[in-house]
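Q: In order, the protein sequences belong to chains A and B. With the first letter of the first sequence counted as 1, position 304 gets the number 304 in my numbering; the numbers rise by one all the way through. With the first letter of the second sequence counted as 1, position 371 gets the number 371 in my numbering; the numbers rise by one all the way through.
Please keep in mind that the hints were generated in silico from the structure rather than gathered at the bench. For each residue, glycine too, the CB sits at the ideal point set by N, CA and C. Mixed in with the good hints there might be a few duds.
Claimed, not checked - Looking from chain B toward chain A, a few residues come up when the C-beta cut is under 7 Å (computed):
#1 P43
#2 R261
#3 P302
What the hints assert, rightly or not - These stretches of chain B come out as covered by chain A in the derived footprint (C-beta under 8 Å, 3 or more residues):
#4 30-39
#5 45-53
#6 133-139
#7 251-259
Claimed, not checked - Computed spacing ranges between beta-carbons, pair by pair:
#8 B:A250 to A:V71: 15 to 23 Å
#9 B:T81 to A:R157: 38 to 46 Å
#10 A:T133 to B:T296: 31 to 39 Å
2 protein chains.
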Amino acid sequence: MLENVPSWLLRLALWVVSKSEWLSDKLNRFAINSAVEVCRTRPHPWSTAHDYVSWTSLTDMRWSARHLPAVRLDGLPAPETLREMFRAPGTGQRPCEKSTCLFPAFAQYLTDGFIRTRSQQEGEPDDVRRQNTSNHQIDLCPLYGRTPAQTAILRLRDDTAGRRGRLKSQILHGEEYAPFLLENDAVKAEFAGLDAPLGLSKVQDPAQRAVIFAFGGDRANATAQVAMLNTLFLREHNRVAGEIERLNPAWDDDHVFEVARNIVIVLFIKIVVEEYINHIAPLPVRLRADPRVAWTADWNRPNWITTEFSLLYRWHSLIPDTIVWKDKSYPVGATPLNNRPLLEAGLTRAFIDMSTQRATRLGAFNTAAALVDLEILAIRQGRACDVAPFWRYCEYVGLPVPRSFEDITKDAGVVAFLRQAYGDVSKVDFYVGLFAQETVKNSPLPPLTLRMVAVDAFSQALTNPLLSEHVFKEETFTPFGWTTISQTSTLRDVVARNSATPLGDARISMTRAGWKHAW
Amino acid sequence: MLENVPSWLLRLALWVVSKSEWLSDKLNRFAINSAVEVCRTRPHPWSTAHDYVSWTSLTDMRWSARHLPAVRLDGLPAPETLREMFRAPGTGQRPCEKSTCLFPAFAQYLTDGFIRTRSQQEGEPDDVRRQNTSNHQIDLCPLYGRTPAQTAILRLRDDTAGRRGRLKSQILHGEEYAPFLLENDAVKAEFAGLDAPLGLSKVQDPAQRAVIFAFGGDRANATAQVAMLNTLFLREHNRVAGEIERLNPAWDDDHVFEVARNIVIVLFIKIVVEEYINHIAPLPVRLRADPRVAWTADWNRPNWITTEFSLLYRWHSLIPDTIVWKDKSYPVGATPLNNRPLLEAGLTRAFIDMSTQRATRLGAFNTAAALVDLEILAIRQGRACDVAPFWRYCEYVGLPVPRSFEDITKDAGVVAFLRQAYGDVSKVDFYVGLFAQETVKNSPLPPLTLRMVAVDAFSQALTNPLLSEHVFKEETFTPFGWTTISQTSTLRDVVARNSATPLGDARISMTRAGWKHAW
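Isolated chain A, as found in the complex:
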């Protein structure tokens, strides 16, 4: 729509808007509402429970909701035959223009806490992927646990001064980390009620097993990058709790804990919108996490993770096949459940290293060999959940419906692969189409992914109960917390407060140094 407007005029208009708080608020509201209103609002009529509307499909949140009703197509290519559309060639992965490795790290941390598709155990059918174990809120459950009982296990629960409201932690090399989960290679009794880390039984190396953290989330040890983010918010929680305790000496352990958690969850949501979503958005303006936008929005309805959301968030090709931690290279296949790179680098250096390295580009022919099997699992999941084909979602969110394979991508290699595999463009799987598309100018994401991420991100982040009209006020967070929230927009803000060494001018960012918006 704006493509025919000269860029100097756009820049002038944006400058004018930026000088008026009222205009900025209006533009922010307009941009967020426009992003959400491309498709139907919740409640979704359907879930993975039934192929028709039922009380179960409307209320039993163990099943995932659906944007579109179930469709089962015949004559689809076997998932395994689609592997080569994902695998990067021997010449290596193409780099991403905009993103550092901090971007996929944050995406993984966010979604592992929020989407939570039910994990498939050895021997279980693909159908278990129709279910989820989500709380359907951005609640930092990797840090605080999924249930009140798990939260109790993770808390220090000590009412003596200097220890109130804290999460359990340990000091290693002078830095704060979560306690280790195992002792003599067995889960410590105090942590028996936590969800076991997924894949733990496959880790053989005793030294690697010994440094797995006692985290709230079963995926929070999945990679050192995710553990890095959870460690950051653990430190921030304990720092905030210390301040809350100091400023409110009459408060007991519970009160300090709860108010610190209120603050840290909102900090996290602010970073989701103001750093992460702004990084994703191809817009030349910065969107703000203004909760007021949701207060009057017709899309402010109870959150519920969709089966589509759990697929479109699998961004394996963003991850380079080798990642450097403190000058040492680790092949991506060597880092599952391996926290040693993090412990050796220390938290601040880890964030700097992730911000210095370039992510690879999201899309076809670009997934590291070690991760390509995950793409097959995703396609199988889409089939097991009867997710409608790709073109139906283009139509649903108002993108052009592809009539030919060339409408999906200009990449001749991808077109040829899709044509050979599917024959008919109307059969292309949702998951395959998502990543066959090329990325949008100024965004690390392809068009359908971008649009659907925006819908769910805004409509589920800004409807958090802590941001609701009668809750989002200073008294919920204390004056200290209210100020902390207003002064935090980025991971860098939080790292700076929790770094063992001064940050100086070190760059901590999801966006590459020197990246500029292309007008």
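The hints should help you fit chain B onto chain A, whose structure is shown.
A: Chain B alone, transformed into the frame defined by chain A:
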């Protein structure tokens, strides 16, 4: 506001409105929004979990929400000393002008399925009343059970033609009822997963125990009136399932069951708004359950039962000390968990009998002796839940704040009692103040009760997911179900479809025969 308008002018205006669908819709929307917008919208910042905002208070629905924050007052009279403000005098109870005994029966059935304060077992502290076992939706859980596992127990689960989608039932004297719960005085194995009827262990009479029904709700056998209503919706479910099966012969047991449940829940909500709320409302117009009102309303936020709602719905003084079932009088103390009056009368006669007898008036000095201990329990519950005093709620919903005991009621006896008990009008308990007030002209309820019932009724009934924008359409219910919904507004409509004998012109109504709106 309308008191100075001549009644002929009002009647003329209403006649004009009634001739225009557009005007009727606007008036209906205005009336509903006005009723809901007297107080803060959800999410409520507080719950009974903590006296401050916490993630627990915002998400853990086992605790009840709060309209107003916790307040603990010193120097309140002991609950037992307030008994005499409730007890009816030896000269008997005063009758209600507007209501039949069908009104309290329906209120009890509705609230037992929806409010569900946690029951207090022998030896447990009053504090357990801070919790609830509600699903926080009008979901007919007395009929369908509280959990998917209970629903499975209550279903016939038979995929042979003529039995699909049905709930278990039995035929007695040619009429359909739920199966009995016990066999040889023990719960049948198939029903072991149901919540046991509250108070079952106190029932000694083997003949009475033998006819307790296997219902979804632990309070659905509480009185024969409640069992009567649950029996009606059991028959309606099985009738609807039969029609759905006949019209959709390819559908399996699950599909028939789920669509029948969709229909029956919506029928129930229609009756809640169009018969029950209209009976309560002092308005000269009939409100309609128009779901569109909620689609754009800022009060459309996730439901959550409040601790105040669980108190203001205890309408013990509505119930006469003696109720006649098929020409036989039963003292109210003799009917807990006693289904024999219902079985002896049969369903239709039971509805007619309840519609013929006058309820007693809600308010002070009017509770039957057998029920007066329940008032003490309610006061104790209010204290255990730190519910704020009465005057704070008057202020909260925009009613005049009482400055003297005479501002609560004109009844000199009640004023004298309150003055002697409390000394200070600002200390009067919420629960005591609610029922110290006199009923509103044209309504069976006193002012604060009326206003708070309206807020919660509309904002929780019309936000049911089955009424939501993308669900409330013919395809969710089938054409048969859609027509049935549109043609049902009253219990009489449902009784007529499920009566063993033709109803003729028998009156089945919450409103007394001949009652007229006083202009």
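Q: Look at each hint and say if it fits the structure.
A: Verification of the hints:
With its C-beta approaching chain A no nearer than about 5 Å, P43 of chain B sits inside the 7 Å limit, and its interface hint holds. A hinted interface residue such as R261 of chain B counts as satisfied when its beta carbon comes closer than 7 Å to some beta carbon of chain A; here the least separation is about 5 Å, so the hint holds. With a least beta-carbon distance of about 5 Å to chain A, the hint placing P302 of chain B at the interface is held under the 7 Å criterion. Using a Cβ-Cβ cut-off of 8 Å, 0 residues of the stretch 30-39 of chain B lie near chain A, which falls short of the minimum of three, so the contact claim is violated.
By the rule of at least three residues with a Cβ nearer than 8 Å to a Cβ of chain A, the coverage given for the stretch 45-53 of chain B holds, with 4 such residues. Counting residues of the stretch 133-139 of chain B whose beta carbon lies closer than 8 Å to any beta carbon of chain A gives 3, which meets the minimum of three for the stated coverage. Only residues whose C-beta sits within less than 8 Å of a C-beta in chain A count toward coverage, and the stretch 251-259 of chain B has 4 of them, enough to reach three; the restraint holds. Between A250 of chain B and V71 of chain A the C-beta distance comes to about 18 Å, which sits within the given range of 15 to 23 Å.
A hinted range of 38 to 46 Å holds for the C-beta pair T81 of chain B and R157 of chain A, which are about 40 Å apart. With their beta carbons about 33 Å apart, T133 of chain A and T296 of chain B fall inside the hinted range of 31 to 39 Å.
Of the numbered hints stated above, the single one contradicted by the structure is hint 4.
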